[in-house]
Amino acid sequence: MVRTAFLALRSPQEQDPSEMIRGLASREEAHLVLVEDAVYNALDPRRAESLKEVAHEIYVAKDDLAAKGFSEADLKAGRVADYEGIVELIMEETERTVTL
Amino acid sequence: MTKTMTIIWRTGSMMAMDPNVATKLASAAVRKGYKVNMFGYGEGITAVKKGQTPKRFPNVGADLEALAKQGVAIALCETCYTARGFQRGEEIEGAKVGSLTNDLFGFVAESDRLITVAR
Amino acid sequence: MLVLVTKPPYGLEDAFAGLRLALAMAVNGMSVSVVMLEDGVYNAVATQKPDAVGMPSNVDATTELYDFDVPVYVVREDLAKRGLSDAAMFEGLKPVDRAALVEMVSTHDVVTTF
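Just so you know, the sequences run in chain order A, B and C. Once you know that position 2 of the first sequence is 1 in numbering that gives the first Met the number 0, the rest is easy, because the numbers rise by one and skip nothing. Once you know that position 39 of the second sequence is 38 in numbering that gives the first Met the number 0, the rest is easy, because the numbers rise by one and skip nothing. Once you know that position 72 of the third sequence is 71 in numbering that gives the first Met the number 0, the rest is easy, because the numbers rise by one and skip nothing.
Chain A with its partners taken away, still in its complex shape (with noise of 0.2 Å):
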């Protein structure tokens, strides 16, 4: 098993992270991580559900989050994580990193 952080920047509707989620890794070794416009994914709830089908945990960049306005409590998937928790999860948690 290789586990692989997945890493998306864009917004919902540019661009549907699960897609490519699921074609490059299985749920158990996907993890992923929401950072600039992507945190609106975390929001959605629809959209959230599908991520939660494609990986087994979701990273929501905790700044972006809260320059646009909402918060934790706000996530309809996965939990806030500041920028040494995305390292951490990035350099001992995960073999590989995939930018979508």
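Worth flagging that the hints you see were computed from the coordinates, not collected in a lab. Bear in mind that the values here come from a model prediction, so they are computed numbers and not experimental data. Yeah, the Cβ is synthetic: ideal placement off N, Cα and C, and Gly gets one too. Any given hint might turn out to be false.
Label-pair ranges, simulated between beta-carbon atoms [unchecked claim]:
1) C/R97 / B/P57: 33 to 41 Å
2) A/D43 / C/D108: 44 to 52 Å
3) B/M0 / C/A51: 47 to 55 Å
4) B/E89 / A/D81: 42 to 50 Å
5) B/P57 / A/Q12: 20 to 28 Å
6) B/G88 / A/S10: 23 to 31 Å
7) A/A66 / B/T78: 30 to 38 Å
8) A/D81 / C/K93: 37 to 45 Å
9) A/D81 / C/P55: 19 to 27 Å
10) C/P55 / B/Q69: 33 to 41 Å
11) A/E27 / C/A51: 45 to 53 Å
12) C/D108 / A/E71: 43 to 51 Å
13) A/E27 / B/A61: 35 to 43 Å
14) A/E48 / B/E89: 20 to 28 Å
Using the hints, position chains B and C against chain A.
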């Protein structure tokens, strides 16, 4: 042994926050004790221009310069650099105008992780 | 290194930049594979005429990789979704099913996306 991370960033300095995401990742990695390399490719090279003075926006050039001072190796693609009219000497202190073949290859060869920041 | 090409040719710099990066790594002896997927499969079309827009050829940038034993895969499902078949591709490309990508990601140490 200290693990190494290489970040390739390919988005320009102002049109998106991507370069800021790259510097935030690099900075967090440095704080956690990792060795960090950064390579500017394509439009990403605009972020290393010396003398950026954005009003009220984050100054990615200054952030990169600070990272270089902390030991982050920063290189960029010369072909991309000259294609956009930049000349050697216009880059921030600590950035190397280099190439995919020499610099990125070396970075990747010594890295445990490769992160791409682009859109 | 695995290079994922997800963008179409000529409108954006990405696909060409990805193919050049793959070449630079391969020239140095790094083991590299390229996958064209999503809109990146448009780079596989044999009848491209980049001269019409004054751009360098992504076909040439791809076939130059063959000299350094870089396999270039094209995802069948993404071709089909865009109304294209294997027959539309230029020579030397290797069509693969999407299911093959999981294995490909796991057998390459690093991945970069264009």
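Checked hints:
Distance hint for C/R97 and B/P57: a CB-CB separation of about 39 Å, consistent with the stated range 33 to 41 Å. Checked against the hint of 44 to 52 Å, the pair A/D43 and C/D108 fails, with Cβ atoms roughly 34 Å apart. About 52 Å separates the C-beta atoms of B/M0 and C/A51, a value consistent with the hinted range of 47 to 55 Å. The hinted range of 42 to 50 Å is not satisfied by B/E89 and A/D81, whose Cβ atoms lie roughly 34 Å apart.
Distance hint check for B/P57 and A/Q12: the Cβ-Cβ separation is about 25 Å, which falls inside the suggested range of 20 to 28 Å. With their beta carbons about 38 Å apart, B/G88 and A/S10 fall outside the hinted range of 23 to 31 Å. As the Cβ distance of A/A66 to B/T78 is approximately 35 Å, the hint placing it in 30 to 38 Å holds. Take A/D81 and C/K93: their Cβ atoms lie about 42 Å apart, and the range 37 to 45 Å holds.
Between A/D81 and C/P55 the C-beta distance comes to about 42 Å, which lies outside the given range of 19 to 27 Å. Distance hint check for C/P55 and B/Q69: the Cβ-Cβ separation is about 38 Å, which falls inside the suggested range of 33 to 41 Å. Taken as a hint, the range 45 to 53 Å holds for the pair A/E27 and C/A51, whose Cβ atoms sit roughly 47 Å apart. Checked against the hint of 43 to 51 Å, the C-beta distance between C/D108 and A/E71 comes to roughly 34 Å, which is inconsistent with it.
Look at A/E27 against B/A61: about 42 Å separates their beta carbons, and that is inside 35 to 43 Å. Roughly 49 Å separates the CB atoms of A/E48 and B/E89, a value that falls outside the hinted 20 to 28 Å.
Comparing the model with each earlier hint shows violations of hints 2, 4, 6, 9, 12, 14; every other hint is respected.
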